[in-house]
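**Q** The whole structure should be built from the sequences, with the hints applied where relevant.
Position 418 (the sequence shown) corresponds to 418 in this note's numbering; numbering is contiguous.
Honestly, the hints are just simulated from the structure, not real lab data. We put the beta carbon where it would ideally sit given N, CA and C, even for glycine. You may find that some hints are simply not true.
What follows is a set of in silico ranges between Cβ atoms, one per label pair, in the way DEER data are often shown [said to hold, decoys possible]:
hint : residue 1 : residue 2 : range
1    : Arg100    : Glu200    : 21 to 29 Å
2    : Ser349    : Gln252    : 16 to 24 Å
3    : Phe575    : Ser478    : 38 to 46 Å
4    : Glu459    : Gly563    : 38 to 46 Å
5    : Asp351    : Gln252    : 15 to 23 Å
6    : Val165    : Glu463    : 38 to 46 Å
7    : Gln27     : Leu51     : 30 to 38 Å
8    : Leu604    : Val444    : 47 to 55 Å
9    : Gly583    : Gly26     : 30 to 38 Å
10   : Gln27     : Asp351    : 48 to 56 Å
11   : Asn190    : Gln93     : 43 to 51 Å
12   : Glu463    : Glu641    : 28 to 36 Å
With a Cα cut of at most 25 Å, we get these calculated DSS-like pairs of lysine-lysine [said to hold, decoys possible]:
hint : residue 1 : residue 2
13   : Lys378    : Lys342
14   : Lys557    : Lys603
15   : Lys161    : Lys558
16   : Lys603    : Lys655
17   : Lys161    : Lys557
18   : Lys448    : Lys161
19   : Lys288    : Lys448
20   : Lys111    : Lys161
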Amino acid sequence: HYMAAWMDRDTVTFTQMGGEGATWIGQAPFTETQHVFQNLGDGTYAHSGTLAIRAAVAAGVNMTYKILFNDAVAMTGGQPVEGHLTVAGVAQQLVGEGVRPILVVTDEPQKYAGANGLPPSVAVHHRRELDRLQRELREVRGVSALIYDQTCAAELHRKRKRGTVPTPDRRVIINELVCEGCGDCNVQSNCLSVMALETELGRKRRINQSSCNQDFSCLNGFCPSFVTLRGAQRNPPRPLAAAALPSLPEPQQAALDGVFNALIAGVGGTGVVTASGLLGLAAHLEGKSVVQLDQTGLAQKYGGVLSHVRIGADPERLHGMRIPAGQVDLLLGADLIVAAGKEPLSMLSPDRSAVIVNTHEEMPSDFIRDRDFEFPGKRLVASLRAAGRSGAVATLDATRLAAALLGDSIGTNVLMLGFAFQRGLLPVSGAALYRALELYGRNVEENKLAFDWGRFAAESLAEVERLAMEGAQSISASLPEAIARREEFLTGYQNRAYAERYRARLMRIAAVEQRVRPGSSALQDAVARNYFGVLAYKDEYEVARLHTESGFIESVKKSFGEGARMSFHFSPPLFARRDPATGRPKKYELGPWVLPILRVLAKLKWLRGTKLDPFALSADRRLEREILARYESLLDRIADELDDSRFDLGVELAKLPEQVRGYGPIKAAAAERARESEQSLWQQWVAPAARIVRPRASAA
Numbered sequence: 001h002y003m004a005a006w007m008d009r010d011t012v013t014f015t016q017m018g019g020e021g022a023t024w025i026g027q028a029p030f031t032e033t034q035h036v037f038q039n040l041g042d043g044t045y046a047h048s049g050t051l052a053i054r055a056a057v058a059a060g061v062n063m064t065y066k067i068l069f070n071d072a073v074a075m076t077g078g079q080p081v082e083g084h085l086t087v088a089g090v091a092q093q094l095v096g097e098g099v100r101p102i103l104v105v106t107d108e109p110q111k112y113a114g115a116n117g118l119p120p121s122v123a124v125h126h127r128r129e130l131d132r133l134q135r136e137l138r139e140v141r142g143v144s145a146l147i148y149d150q151t152c153a154a155e156l157h158r159k160r161k162r163g164t165v166p167t168p169d170r171r172v173i174i175n176e177l178v179c180e181g182c183g184d185c186n187v188q189s190n191c192l193s194v195m196a197l198e199t200e201l202g203r204k205r206r207i208n209q210s211s212c213n214q215d216f217s218c219l220n221g222f223c224p225s226f227v228t229l230r231g232a233q234r235n236p237p238r239p240l241a242a243a244a245l246p247s248l249p250e251p252q253q254a255a256l257d258g259v260f261n262a263l264i265a266g267v268g269g270t271g272v273v274t275a276s277g278l279l280g281l282a283a284h285l286e287g288k289s290v291v292q293l294d295q296t297g298l299a300q301k302y303g304g305v306l307s308h309v310r311i312g313a314d315p316e317r318l319h320g321m322r323i324p325a326g327q328v329d330l331l332l333g334a335d336l337i338v339a340a341g342k343e344p345l346s347m348l349s350p351d352r353s354a355v356i357v358n359t360h361e362e363m364p365s366d367f368i369r370d371r372d373f374e375f376p377g378k379r380l381v382a383s384l385r386a387a388g389r390s391g392a393v394a395t396l397d398a399t400r401l402a403a404a405l406l407g408d409s410i411g412t413n414v415l416m417l418g419f420a421f422q423r424g425l426l427p428v429s430g431a432a433l434y435r436a437l438e439l440y441g442r443n444v445e446e447n448k449l450a451f452d453w454g455r456f457a458a459e460s461l462a463e464v465e466r467l468a469m470e471g472a473q474s475i476s477a478s479l480p481e482a483i484a485r486r487e488e489f490l491t492g493y494q495n496r497a498y499a500e501r502y503r504a505r506l507m508r509i510a511a512v513e514q515r516v517r518p519g520s521s522a523l524q525d526a527v528a529r530n531y532f533g534v535l536a537y538k539d540e541y542e543v544a545r546l547h548t549e550s551g552f553i554e555s556v557k558k559s560f561g562e563g564a565r566m567s568f569h570f571s572p573p574l575f576a577r578r579d580p581a582t583g584r585p586k587k588y589e590l591g592p593w594v595l596p597i598l599r600v601l602a603k604l605k606w607l608r609g610t611k612l613d614p615f616a617l618s619a620d621r622r623l624e625r626e627i628l629a630r631y632e633s634l635l636d637r638i639a640d641e642l643d644d645s646r647f648d649l650g651v652e653l654a655k656l657p658e659q660v661r662g663y664g665p666i667k668a669a670a671a672e673r674a675r676e677s678e679q680s681l682w683q684q685w686v687a688p689a690a691r692i693v694r695p696r697a698s699a700a
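**A** Have a look at this one:
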């Protein structure tokens with residue numbers, strides 16, 4: 001498809017919408033490639049895509065059309081497909097065109113039971129079989145088709161919010177302590193609602209409950225940290241009531257002597273269009289003229305969204321719906337990456353534009369492919385400061401504040417509206433904005449509270465941040481604190497002697513580092529974090545302990561109600577069979593009946609490493625013991641042979657366990673890659689070039 005040309009899909013050629021596959025007709029005779037797949041959306045299929053399929057059949061080329069039946073023209077805003085297509089109707093048309101074979105893939109195969117209208121030759125499969133089916137279709141001569149039946153994620157989420165389709169009584173959460181941050185859940189689901197979570201023990205994952213589409217594909221990640229809830233009543237803790245808000249002064253409105261231009265930049269699914277609608281409605285209530293343009297890009301969840309809001313006292317002054325270059329009065333950056341993009345920056349003026357930007361690190365789609373993606377926050381903020389009016393660029397982590405103060409990050413954009421209003425950057429009154437919130441009609445009191453917290457943050461951001469973070473567990477501010485926390489954790493993991501083993505080797509490394517590079521702590525820091533990781537490997541006893549003795553169950557009940565029924569998703573090493581579709585051990589959903597077993601298992605941690613350990617001979621446990629022994633040997637060699645010329649190599653070697661994350665086959669593959677890296681680093685360690693002393697800056 002044309003859009004895939006700028007994505008990471010290794011796509012070759014593009015054509016107009018409706019011509020998909022036509023390029024292959026011309027290429028096929030002149031290439032050694034025997035078969036290709038061609039994506040085709042149901043909307044494009046309806047308006048002209050069938051002609052391309054007919055041409056491909058007539059040409060006798062080998063290809064498979066993958067027809068996405070998502071029941072919405074997602075690229076332009078989620079309109080229904082004209083002609084009232086059905087999966088059965090598409091299948092019948094394809095049969096008539098001479099396409100063979102035709103398969104249907106869906107996450108709800110049960111809905112095709114009985115009289116479903118499908119031609120007898122069309123088979124239905126669960127979507128988890130997609131990879132296997134594609135491999136089989138690749139060997140078929142002629143034109144075949146695979147119809148992928150799944151409602152557009154953004155449109156389905158919208159319909160659930162409106163109550164037009166039922167919401168599943170099932171939620172997914174992640175126990176961050178069990179999570180290894182390997183990113184396999186992102187790979188399996190391709191979903192940005194599986195978000196990064198920075199913790200004391202490294203980057204983990206969490207589910208954004210506000211944007212989750214509940215398709216549950218993240219459960220395919222090979223990890224025991226996933227828990228599903230039934231009967232959950234989402235009730236996130238709200239530690240601060242409205243009573244905590246002080247009385248705030250009414251700000252002066254922004255001047256409206258011509259046209260006021262506000263640009264709201266964010267991502268799909270977070271309420272950007274709602275925020276622009278509220279601002280436009282407030283202006284309308286005051287008798288002002290308003291034009292709005294919502295550029296929703298590809299209507300993709302977490303795709304960039306730009307909302308232009310132009311307000312004027314005189315409608316004759318409003319020429320065009322787009323804000324011209326250099327004419328923005330206020331940029332409300334709900335997402336930092338989108339706000340600092342090429343188009344918003346082109347609309348800013350150093351003489352005119354005020355900027356309020358949310359600095360929360362909302363990962364882009366790159367994060368799905370790169371689990372260690374570094375968010376370029378400082379660079380993006382610097383770009384905005386350079387483009388906006390001097391002294392008129394304000395930053396705040398609005399997402400974190402909304403989640404902490406309101407229990408839900410969905411209030412982020414309304415909170416930012418309140419911030420802008422209190423700073424006197426909006427040409428509308430508070431009365432009009434509050435009335436707009438009421439007329440909007442959804443979560444009125446919650447939205448008013450978000451607006452008020454934004455106003456308070458504009459008056460005293462430091463105080464609001466202090467209130468929001470009260471009681472929150474912070475990440476260690478110093479290396480000694482980080483070491484102390486890890487020692488405490490290892491004591492709970494095994495015993496005090498195990499923690500002493502950690503400290504003793506760490507102290508030896510610290511002493512060697514001070515001898516080689518006085519004042520440095522880079523090597524000690526690397527060892528403190530990575531040696532802890534290989535010591536505290538997550539075997540059956542530890543996973544059970546982290547689920548039952550870490551406060552996780554209590555936090556779930558607090559956030560989702562006492563009646564939430566928990567299920568765990570494990571691949572028991574002694575019982576799990578191999579999944580023929582993936583080649584991995586199967587995962588099984590185990591209900592709340594497994595909790596007593598987990599509690600007993602957690603108490604049996606003393607068996608770890610003994611001859612009585614029933615899990616000791618499993619491939620996973622043998623690998624983890626090998627990694628631990630190998631790393632301790634590595635640390636001993638570094639301590640014995642470290643000199644100034646090898647210092648940087650020593651730090652790289654000490655960080656190798658960072659690469660080895662995950663469970664089962666994920667961890668095994670990572671360990672193999674880490675071994676290759678280790679061998680390469682040791683070769684440099686013994687090479688003469690490695691002994692060259694690198695110049696260092698003087699103490700002065």
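**Q** Now tell me if each hint is right for this structure.
**A** Structure-based check of each hint:
Judged by the Cβ atoms, the range 21 to 29 Å given for arginine 100 and glutamate 200 is violated: they are separated by roughly 57 Å. Distance hint check for serine 349 and glutamine 252: the Cβ-Cβ separation is about 22 Å, which falls inside the suggested range of 16 to 24 Å. One distance hint, 38 to 46 Å for the beta-carbon pair phenylalanine 575 and serine 478, holds here, with the actual separation near 45 Å. Between glutamate 459 and glycine 563 the CB atoms are about 40 Å apart, so this pair conforms to the stated range of 38 to 46 Å.
Under the hint 15 to 23 Å, the C-beta atoms of aspartate 351 and glutamine 252, about 20 Å apart, fit the expected range. A hinted range of 38 to 46 Å for the beta carbons of valine 165 and glutamate 463 is consistent with their spacing of about 42 Å. Distance hint check for glutamine 27 and leucine 51: the Cβ-Cβ separation is about 18 Å, which falls outside the suggested range of 30 to 38 Å. Checked against the given bound of 47 to 55 Å, the beta carbons of leucine 604 and valine 444, roughly 52 Å apart, stay inside it.
Between glycine 583 and glycine 26 the beta carbon distance is about 37 Å. The supplied range of 30 to 38 Å therefore holds. Separation of glutamine 27 from aspartate 351 is about 53 Å and conforms to the stated range, judged on CB atoms against 48 to 56 Å. Checked against the hint of 43 to 51 Å, the pair asparagine 190 and glutamine 93 fails, with Cβ atoms roughly 29 Å apart. Range check, glutamate 463 to glutamate 641: Cβ separation about 53 Å, and the 28 to 36 Å hint is violated.
Taking the CA atoms of lysine 378 and lysine 342, the gap is near 16 Å; set against the 25 Å cutoff, the hint holds. For the suggested pair lysine 557 and lysine 603, the alpha carbons sit about 23 Å apart, so the restraint of at most 25 Å is met. Only pairs whose Cα atoms come within 25 Å are accepted, and lysine 161 paired with lysine 558 is accepted, the gap being roughly 23 Å. At roughly 32 Å between alpha-carbon atoms, lysine 603 and lysine 655 are farther apart than 25 Å, so this suggested pair is violated.
Proximity of lysine 161 to lysine 557 is assessed by CA-CA distance (about 24 Å); at most 25 Å being required, the pair is judged to hold. With a C-alpha separation of about 19 Å, the suggested pair lysine 448 and lysine 161 falls inside the 25 Å cut-off, and the hint holds. Proximity of lysine 288 to lysine 448 is assessed by CA-CA distance (about 22 Å); at most 25 Å being required, the pair is judged to hold. Distance restraint check for lysine 111 and lysine 161: the Cα-Cα separation of roughly 23 Å lies within the 25 Å cut-off, and the hinted pair is therefore satisfied.
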